[in-house]
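Engineer: With the hints as your guide, set chain H onto chain Y.
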Amino acid sequence: MSGLLAQQESDRVDMTALRADRRGRLFAQMAAHGFDALILGRPADITFASGARQLWTSGARPFGPGCIVVAETGQVHLLSVWDEGIPPEIGHDSLFGLKWNPANLLGEIGAIPGLKAVKRVGTDSYGPGFEQFLAAVAPDAELFDAVPALTAARQSKSAAEIALIERAVAVAEASLTAMEDVAEPGATERDLLRAYLAASSRLGCTTPPTEGVVCATPRSGPVTLRRLPSDRLLGPGQLVALSPSALYAGYEGGVGRTIAIEGASSRAERLAARCRDALDAVIDRCRVGGRGADLRVDGADVLVHGLGLGAEPPVIGGHAGADAVLVGDMVLAVQAWVTEEGTGGVLLRDVVHLVDGTPRVLSRYGSTL
Amino acid sequence: MPGHMIATVEGRPIPDAPDLPRMRRERMARLQEQLSAQGLDGLVLLWPSAVSYATGAHSPGADSGRAGLFRPVAVVVAGDAMPHLFTPYPEGAPADLSADHLHAPAFPDLDEGAAAFALALAELVPTGRIAIDELPHPLRRALAGRDLVSAASVMVPVKLRKTADELACIRTAQRFNELAMCDVMPLLRPGVRQSELTAVFLDRLYELGDVSNGIDPIWQPMPASLAVGPWTTHGDVAFPTGSTGQILRHGDVIWCDTGIHYEGYASDFGRTWIVGADPTPRQQVQYRRWQEVVDTVLAMCKPGVTALDLVRAAIAVNGGTKPWIEHFYLSHAVGTDSAEMPLIGTDLGEAFDEQQVLAPGMILVLEPVIWEDGYGGFRAEDIYAITDEGWVSLSDFPYDPFTREDVA
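Quick note, the sequences are listed as chains Y and H, same order. This note's numbering puts the first residue of the first sequence at 1, with every later residue one more than the last. This note's numbering puts the first residue of the second sequence at 1, with every later residue one more than the last.
So that you can see chain H by itself, here it is in the shape it has in the complex:
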């Protein structure tokens, strides 16, 4: 538990700063272990989060269309201690990636690029079975005849339990995200536009460090009751609906949600704020119920506990009602993806949650939601890591203007 002992993951304390070369070596060892165990001869990765995991390479943040057209691609060859990186951004390759593993960009979404990449892959992995995460049609044609399987069987297990260095990256990402939000909070007055909050957030964020924004920041005014809308497919709360240039007004209850990347690792910041007003006693009670759910879940968090145990405890302490939004979860993880396994409390169901057993290095982003129809609700989220003995928080941000106790 925090406060009275140093939190360790598999005997190693979380360092203040990640040892990036060590982190890359350990991730590659895990990838190789899976390739070997699953009888795979190679791994081809097109998804940004997977390329980041396998190579540690940086790319500029970009819109999905451009990011796809000009995408970095990683190839992991069984038995090779270093990944191959095909990238339009060679300046983003780690310094210790040897020159013969750094290649010109692949363009697998275009016919001539895919054909050239297939030839390069034939040199690197001449025969055998290859795991791959996506096949744009040109690449699908170019690799016709090769033995291809889904990369999920490799990527999900390697990412499930973070190393101490990965946890340091997540904590650093969260710290930068939180510091940028410190500059946003004072601006939350009647008349401010959502886009102005985003401008200040991004300006401060990129001043703080070598980071990249992950999502269009969400500053969503919540209705008091579901009947006000928006309409939803399941009748539950609509969140996150995305920002516009909307002007925020006195008393608006804002659910904010931002996320950034540091060395490929995602942060996740969520709080409830109120524009130009203090919370009402009723709103304070909502917060305290949220805190009670979080406290109850954290009190159980340690290796060996199942996700189903957490789900049941959260529902019980909330009086038998599920304290999260229908289309989401009690908890998800972050890593090089902003939502990854373990996902706890989803529609995958109780049997799925029961076989998810907490282990050191797993991430829980607890995001319960307390909704009181007619009176709105409270939502916040924080990142926790499961340690050898229990858990440690990777977030450090107050819940202002909400408090655990009444202010005298």
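Just chain Y, with the same shape it has in the complex:
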């Protein structure tokens, strides 16, 4: 998006073709699920449908109509006061402005061609009072859950989407290098968070998927994985879990490794080997047609979730997600976490692309222990 070179040849990813492909998948799923219109509020769904650059804010966004897709006209309508960052295929006629007065918002959305007559409307979330809004803009419409259709459209990635995820992984790996550079006795967890955010921003990725990226684990007593970086000082021999991520053109990549401050003990090395074995075992079971229940392994806490336009379903870990089905061209973040009282904790996370046969690991950082 904002690389530092300015070459004459085109970029490897054709964003115009990528957007057209996503729209094609979205409209195909709308047809398959019998939707006349979608009303979307989740930023990732809006990105998938429109390709628009939205202002990034931290945290879950309350549900509201941000993007409206009408099957009959084939149009994607977007809440945006301006055309900056809006792809050219979305014309000025398809933009509606920000309103604080619900009556004015109804006026704008009510004017969207083809919306009034729709019968089946899907949304990506819901809130009390939404029926009244829907009744006003589409009086004959019945409301349905659009998430299964959106998941079907989003979960299997195209080659171009995989390429963007790989770039995001590369940025996360750069952040991990920057974090390693400042990891020394006397530095705090938050110092490493700063290094992550600064390195990622300098590569043009200013919106972190999560700030929960540093955990200095204790050398005595129970070990838990904390995701809120603190003022804790890093000490010699301590195991510190690092798990940076990045968003590139909306797509998320990441990598997780654990480092030892000023060298690892032999016990720490054994713990790290245990974690690597567990992660490798889980990655090997990330097979097309597999189920969430397959991704359990003894002796390690495993967390697996989808990656694409940010974190996506499925979420598999503990007892959760046992029935989730793994499909081809899904991308998964696969994490293993092992602990030992008196030694600390080791976290490893890789990004895996599900293909026929052996899964492809997109992250590559080598061993840090």
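Mixed in with the good hints there might be a few duds.
Okay, the calculated bits of chain Y under chain H, using three or more residues with CB under 8 Å as the criterion [said to hold, decoys possible]:
| id | stretch |
| --- | --- |
| 1 | 38 to 47 |
| 2 | 50 to 59 |
| 3 | 75 to 85 |
| 4 | 126 to 138 |
| 5 | 219 to 232 |
| 6 | 276 to 288 |
| 7 | 343 to 357 |
Label pairs and their in silico Cβ distance ranges [unchecked claim]:
| id | chain 1 | residue 1 | chain 2 | residue 2 | range |
| --- | --- | --- | --- | --- | --- |
| 8 | H | C182 | Y | G129 | 21 to 31 Å |
| 9 | Y | A20 | H | G79 | 31 to 41 Å |
| 10 | H | E350 | Y | E131 | 28 to 38 Å |
| 11 | Y | N101 | H | S153 | 15 to 25 Å |
| 12 | H | G11 | Y | G342 | 50 to 60 Å |
| 13 | Y | N101 | H | R312 | 17 to 27 Å |
| 14 | Y | E262 | H | D19 | 46 to 56 Å |
| 15 | H | G349 | Y | H92 | 44 to 54 Å |
Calculated from the model, a selection of chain Y residues having no Cβ within reach of chain H, i.e. all distances over 10 Å [stated by the list, open to error]:
| id | residue |
| --- | --- |
| 16 | D21 |
| 17 | R190 |
| 18 | G235 |
| 19 | G299 |
| 20 | A320 |
Honestly, the hints are just simulated from the structure, not real lab data. We put the CB at the ideal spot given by N, CA and C, even for glycine.
Structural biologist: Frame of chain Y, contents of chain H only:
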């Protein structure tokens, strides 16, 4: 008024540092008061700002998709002095939250998570009416048959007037935000990238304290005239359009806008800067007109004044033209949301503004915009709190390179 007396809110001075346990108790008392007054048996909160208000729990800053999938959820049971917190981040729960109120994460956006949460809720609130802010479809299915209403009728009134401790949180958030901007200002030279300004901002911000960034920082070069674009739905100024890796050039007029969270409370920083050049006399005049609008509004700010009074005064002093952007407002508040009530000067209209009456503890983030088409414009914003006697500023940052008087 500032300077000659200690500003108080309902008799209490704004403390230097917030008393967090007291703040949580007072917020819970307000929530319980609303539940009782509205005949509600429980309150279920999924929105981050609402969970933060009800529980005081911390979560790592995150992109919306991840933040939704791994969201903390709060349940307030009528008559219970403590909230229930379902969170993937137990380390972020306040130390005084008892163990039987701290639960495993809920995953209300996933079918099996929503079903399990519905069972937990049936134990906590077996019968009666529940207010809720959002129902992802899995949760909607899992709670089918329960009597659910919107949580807005609870959350809007409890957040409208801040306690002294809440004001201390907002002032602290603003202070951290301002200090980080001090490190950014000297970098504003021809050739710097927007993403470099963000890198320095975030690096310094997280050095300063236990904070979380709220918005991708905005460093928007403004055109001299609207005809240059971007095109807008209303023909007024496009702002904020968001940052890229754009290289800033000599003379660019930058409208910056950043916001962070401290103990859940939002800051809001807005200034106009110029890259590598001093303001022209014309630009200085724009600033002074902006200052005149702010001074006029502040001179009226005290309990009992209506928002419509402020709107009319701001328009009058600007020669009859509305001095703010069409899709925004003269003023909004901050709290655990970066824009919350009172919203003053919106398309909700005069009748709405007339029934908004200033009261101690209300927040006004005044953000007038002076636009002179062909010559660009000036925008800045500062946070003020309405006090028992008048108002107090929670911002403290100069308008450099703009000045009230000509420099000799």
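Engineer: Each hint should be assessed against the structure and marked as holding or not.
Structural biologist: Going down the list of hints, with the structure as the test:
no., hint, verdict
1, 38 to 47, "holds (count 3)"
2, 50 to 59, "holds (count 7)"
3, 75 to 85, "holds (count 6)"
4, 126 to 138, "holds (count 4)"
5, 219 to 232, "holds (count 7)"
6, 276 to 288, "violated (count 0)"
7, 343 to 357, "violated (count 0)"
8, H:C182 - Y:G129: 21 to 31 Å, "violated, 44 Å"
9, Y:A20 - H:G79: 31 to 41 Å, "violated, 56 Å"
10, H:E350 - Y:E131: 28 to 38 Å, "holds, 30 Å"
11, Y:N101 - H:S153: 15 to 25 Å, "holds, 18 Å"
12, H:G11 - Y:G342: 50 to 60 Å, "holds, 54 Å"
13, Y:N101 - H:R312: 17 to 27 Å, "holds, 19 Å"
14, Y:E262 - H:D19: 46 to 56 Å, "violated, 40 Å"
15, H:G349 - Y:H92: 44 to 54 Å, "violated, 26 Å"
16, D21, "holds, 20 Å"
17, R190, "violated, 5 Å"
18, G235, "holds, 19 Å"
19, G299, "holds, 21 Å"
20, A320, "violated, 7 Å"
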